[in-house]
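Enquirer: Okay, so the sequence shown: first residue is 1 according to my numbering, each after it adds one.
Read the hints as simulated data drawn from the structure, not as lab findings.
Here a beta-carbon is modelled for each residue, glycine too, at the ideal position from N, C-alpha and C.
Do not rely on the hints blindly, as some may be mistaken.
[Stated by the list, open to error] Listed next, with one range per pair, are the computed distances between beta-carbon atoms: (1) G36 - S113: 13 to 21 angstroms; (2) P49 - R154: 31 to 39 angstroms; (3) G47 - S73: 32 to 40 angstroms; (4) R107 - S73: 20 to 28 angstroms; (5) P142 - G47: 14 to 22 angstroms.
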Amino acid sequence: MTRLPALSPGDTHTRDMSSLHHPSCFCSRCPGNHHGAVTFVLGALDGDPVKLNLLKDYVSKALHNLVNGLRASSFNVIYVSDEVSKWCDRTVTWTPETANQAISWIRTLTCDSGADPAEALAAAVEDPSCHMVYLVMDALPPRILQNIYNFLARDENTCSVNVVYLLEEPKDWQREGAFRTINLKPLGSSNKVKELELYFTT
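Just need the whole structure built from these sequences, with the hints factored in.
Expert: Given below as structure tokens:
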């Protein structure tokens, strides 16, 4: 996959949010009511373009919902497939224009396998302004979850991470995909993380 260039906050090529691949794709309470910087990380583990489209729809809806109803101050988007790509080199102020720019960028993403979500998570938290990460993936194998646990346990100051992964694809164009959300909160030197599982089904 060709590495997609990161945009600077001043770049503008805004257009309206493109139509979703699955208009009924279920968006759980992923965005939340945040007042800090939020980074969305898309992780395509299976190399399946259909699943990637569901992830694109999920994050696009989350961005749209935050712009229209909530009060996050800034955001960024990172994509991990065979390598890590950033939409922007740092979080940017949340406006309808920047959200549409990010959604346009998300629509250009192509699918490859070999993702390492822990690397993308590291890229997200290296931005000191990031307060919350939503790691949105098409699957969550045990080894991947363990890698995320290990990463969070190494740094007690790491921001909270919400892992959102696809449980089930829609059976047809009228049904929603099902996602599960795991909220992870670092607990410092105990080398443990607190896990709160929320189930969302079709």
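Enquirer: The structure should be examined with respect to each hint, and the outcome stated for every one.
Expert: Okay, the hints, checked on the actual structure:
{"no.": "1", "hint": "G36 - S113: 13 to 21 angstroms", "result": "violated (33 angstroms)"}
{"no.": "2", "hint": "P49 - R154: 31 to 39 angstroms", "result": "holds (34 angstroms)"}
{"no.": "3", "hint": "G47 - S73: 32 to 40 angstroms", "result": "holds (35 angstroms)"}
{"no.": "4", "hint": "R107 - S73: 20 to 28 angstroms", "result": "holds (25 angstroms)"}
{"no.": "5", "hint": "P142 - G47: 14 to 22 angstroms", "result": "holds (19 angstroms)"}
Going down the numbered hints, you'll see the structure goes against just number 1.
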